[in-house]
Structure formats: structure tokens, C-alpha cells
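Enquirer: Those sequence lines, one after another, are chains B and E.
Counting in this note's numbering, the first sequence runs from 1 upward without gaps.
Counting in this note's numbering, the second sequence runs from 1 upward without gaps.
There could be a bad hint or two in this list.
[To be verified] The calculated DSSO-like cross-link candidates involving lysine-lysine, where the alpha carbons are at most 27 Å apart (straight line), are:
hint : chain 1 : residue 1 : chain 2 : residue 2
1    : E       : 54        : E       : 67
2    : E       : 51        : E       : 65
3    : B       : 207       : E       : 21
4    : E       : 21        : E       : 67
5    : B       : 138       : E       : 21
6    : B       : 207       : B       : 138
7    : E       : 54        : E       : 65
8    : E       : 21        : E       : 51
9    : E       : 65        : B       : 207
10   : B       : 207       : E       : 67
11   : E       : 65        : E       : 21
12   : E       : 54        : E       : 21
These aren't lab readings, by the way, just hints derived from the structure by calculation.
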Amino acid sequence: LSDPIQSVRAGTGPQTLVLLHGFGATHAVWNDLLPALSATMQIIAYDLPGHGRSLDAAGAGQAKTMAKAIFEDLAAAGLESIHVAGHSMGGAVAALMALVAPERVASLTLLAPGGIGESINGTLLRRYAAASDENELKTSLLAMSGPQALVPQATLRQALAMRARPGQMERLAGIVAMIARGERQGVIPRESLAALTMPVAVLWGEKDPVLPFAQTADLPQGFVVQAIAGAGHMLVEEAPDDVLLAITANVARATAIASGRNEEKPGQSRP
Amino acid sequence: MQDDMHKAELAASALTTTAAKSHYLAAQLISAKATGNETTRRTTLDELVDKFPKFASDPRAAFLKRKYPPDLTDRLVVALRAAGLGSGS
Numbered sequence: 001l002s003d004p005i006q007s008v009r010a011g012t013g014p015q016t017l018v019l020l021h022g023f024g025a026t027h028a029v030w031n032d033l034l035p036a037l038s039a040t041m042q043i044i045a046y047d048l049p050g051h052g053r054s055l056d057a058a059g060a061g062q063a064k065t066m067a068k069a070i071f072e073d074l075a076a077a078g079l080e081s082i083h084v085a086g087h088s089m090g091g092a093v094a095a096l097m098a099l100v101a102p103e104r105v106a107s108l109t110l111l112a113p114g115g116i117g118e119s120i121n122g123t124l125l126r127r128y129a130a131a132s133d134e135n136e137l138k139t140s141l142l143a144m145s146g147p148q149a150l151v152p153q154a155t156l157r158q159a160l161a162m163r164a165r166p167g168q169m170e171r172l173a174g175i176v177a178m179i180a181r182g183e184r185q186g187v188i189p190r191e192s193l194a195a196l197t198m199p200v201a202v203l204w205g206e207k208d209p210v211l212p213f214a215q216t217a218d219l220p221q222g223f224v225v226q227a228i229a230g231a232g233h234m235l236v237e238e239a240p241d242d243v244l245l246a247i248t249a250n251v252a253r254a255t256a257i258a259s260g261r262n263e264e265k266p267g268q269s270r271p
Numbered sequence: 001m002q003d004d005m006h007k008a009e010l011a012a013s014a015l016t017t018t019a020a021k022s023h024y025l026a027a028q029l030i031s032a033k034a035t036g037n038e039t040t041r042r043t044t045l046d047e048l049v050d051k052f053p054k055f056a057s058d059p060r061a062a063f064l065k066r067k068y069p070p071d072l073t074d075r076l077v078v079a080l081r082a083a084g085l086g087s088g089s
């Protein structure tokens with residue numbers, strides 16, 4: 001029997017926002033954004049299966065199983081409708097949640113999400129997965145970031161603390177072997193994405209060395225796509241203000257549409 | 001599955017990084033309006049105008065400077081105006 005998926009909760013309000021981190025991180029990646037977000041919303045930041053306090057939860061590296069575990073946890077809390085934002089692997093899980101239960105996902109914000117294009121820099125991710133001391137971690141994180149990026153000390157501390165958990169390093173190695181086999185990842189069909197009816201916002205670093213920015217090229221017309229100049233893959237650390245505004249604007253847009261205050265339909269968002 | 005113990009840590013962490021930035025306050029302002037939190041909306045609006053008068057008078061210019069897409073810029077400006085920020089754009 002596997003452990004239940006773990007989360008950190010903050011804030012209260014009529015809207016609930018679910019935050020999903022990327023590979024090799026934990027809920028702590030959102031720490032700097034939580035005070036602003038939780039001032040007006042209930043926030044649930046998960047440790048995805050195989051990561052941090054969800055180390056032994058079911059579905060590590062399997063996006064569909066992770067999405068199912070999150071929905072079950074939300075249902076147990078009586079939460080039927082939520083907003084979702086996810087980075088990288090967490091973005092792939094977020095997108096699958098929207099595909100599996102679109103009626104439960106009010107808005108979807110994807111930050112350099114997995115599952116959009118085939119190409120993935122598995123070499124870089126394996127190096128990150130194997131990094132266990134501060135220097136290795138810093139070097140790996142810099143390699144995954146844009147050319148001008150710095151690695152926040154808090155990020156290093158969080159990553160080191162996570163990797164100190166018994167069994168964590170082995171689990172990361174296992175997950176990366178699954179998600180980047182042969183430098184290729186599973187891809188969500190474009191027609192499935194195009195069928196989504198909730199507002200979808202996508203942020204992507206133009207210098208992303210893990211998942212190429214070019215993967216945004218043929219995203220559905222209704223998606224609001226924002227290129228972050230100079231940024232790499234680590235958007236939450238590299239462009240926290242842009243991430244914060246994108247999530248907030250998308251939640252506000254969905255809320256306005258739902259309340260009839262905005263006649264715009266998601267599919268009309270781009271010329 | 002919940003850990004409210006982290007709240008203090010989260011708040012302390014944020015205060016040293018993004019709390020002073022105009023975009024951070026703008027996001028909080030938009031969210032406060034969207035979720036009907038009038039108290040937070042008012043205090044955030046006051047703080048934004050007080051600490052970032054240039055941004056508050058013309059948020060569009062700030063977003064365009066950061067190369068935000070036009071449709072997103074429009075949406076943010078409209079949302080900020082609906083939340084009470086002046087119509088300097």
C-alpha cells in the first residue's frame with residue numbers, strides 16, 4: 001500500500017489554486033509566491049509522487065497516476081472546482097488533470113510544461129537528478145536556467161534538504177529514466193489540448209535548455225502564450241513576478257467568465 | 001496532508017524577495033478583486049500607489065517594457081483598472 005500524496009496549504013477564499021512543481025523539486029519551489037497568492041485564495045501546493053514528503057506515494061513519473069492521486073485528495077477535501085498551475089513535469093500533470101476532468105479545472109496555467117513536444121534534454125535532467133552536493137546542484141540548476149540566471153540560496157537549501165531524505169536520490173534516478181527515455185517524452189495530442197474550454201495560459205523561457213521554446217509554435221489558438229525573454233527552464237525562480245501575474249490574470253479571467261462579467265470566450269484570446 | 005506550520009516560513013521567505021516588487025502587488029490586487037476580498041484590495045491598492053507611483057500611473061508601459069504580449073497586457077491593464085488602479089494608460 002502506497003503513502004497518500006502530501007501537500008502544504010495556505011490561505012482561504014472562494015477560489016482554490018493547486019500548484020504542481022517540476023521534476024526534482026517540492027512544494028517549496030512556490031514559497032516566494034505563496035503569500036501573494038494565499039492572500040485571496042486557498043492554495044494547495046503538492047509534493048508530487050516520488051518527491052519530498054510524497055516520496056512513497058503512488059505514480060512517481062506517471063503523469064496520469066499523479067493526476068488521479070491529486071483528484072482523489074481534492075475530492076476527499078470536498079473541492080470540486082479548482083485552478084491549476086504547474087511547472088515542467090507538474091505542467092504535464094496539470095494538463096492531464098484538465099483533460100481528464102475539464103469540468104473540475106477552472107483555469108490552467110502551464111509553465112514550460114512537459115508533454116507538449118517530443119524533445120527533452122534527458123542528459124541535463126539526469127545530471128540534475130544525480131546532483132547531491134551544493135556545487136553539483138548549483139551547476140545543474142544554472143545549466144537548466146537562462147544565461148543571466150542566478151540560483152537562489154533558498155533553492156539550493158530546499159534541494160539539498162529534499163535529497164537528504166533516504167531513498168530520494170534513487171527515486172529521482174528512476175523517474176528521470178521514465179520521463180526522458182531516449183531524450184524523448186510522451187506528447188499530449190494537440191487536438192486534445194485544443195478541446196480544452198477553460199482559460200489556458202502558457203509561459204515559456206525563450207532560452208529553455210530542457211524543453212525547447214519551439215514547442216510553443218503550434219499550441220492551440222485560444223492559449224495565451226507568453227515568452228519570457230532570456231529565461232531558461234526554471235521559470236519559478238527566474239521570473240517569479242511574471243509567473244505570479246500570469247497565474248493571477250488567468251484565475252481572474254476564469255472567474256470573470258464564470259460570473260458573466262466578461263463576455264470573452266477562451267478561444268477568442270488571440271488574434 | 002496539510003501543513004499550516006509552513007505558513008510563517010513561507011511569509012518570511014517572500015518578504016526578502018518579491019514582496020517589494022510592483023508586479024507582486026499587482027498580482028495580489030487583481031486576485032483580491034477577482035475573489036471579492038475588499039479589504040485586501042484596498043490595502044494592496046494603497047501600497048501599490050504609495051510605493052510604485054510610476055507603475056500605478058501607467059502599468060501598460062511597465063508590461064510592454066517587459067515585452068508582455070499585447071493581449072495579456074490589455075487583460076492585465078483592464079483587471080488592474082477594475083481593481084481600482086488609475087486609468088493612466
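Enquirer: Decide, hint by hint, whether the structure agrees.
Expert: So, going through the hints one by one against the coordinates:
1. E:54 with E:67: The hint holds at about 18 Å.
2. E:51 with E:65: Roughly 19 Å separates the two Cα atoms, so the pair holds.
3. B:207 with E:21: holds (24 Å)
4. E:21 with E:67: holds (17 Å)
5. B:138 with E:21: Given pair residue 138 (chain B), residue 21 (chain E) holds - Cα atoms ~26 Å apart, limit 27 Å.
6. B:207 with B:138: holds (18 Å)
7. E:54 with E:65: It holds: about 13 Å lies between the C-alpha atoms, which stays within 27 Å.
8. E:21 with E:51: holds (9 Å)
9. E:65 with B:207: holds (19 Å)
10. B:207 with E:67: holds (15 Å)
11. E:65 with E:21: Cα-Cα ~15 Å, so holds.
12. E:54 with E:21: holds (12 Å)
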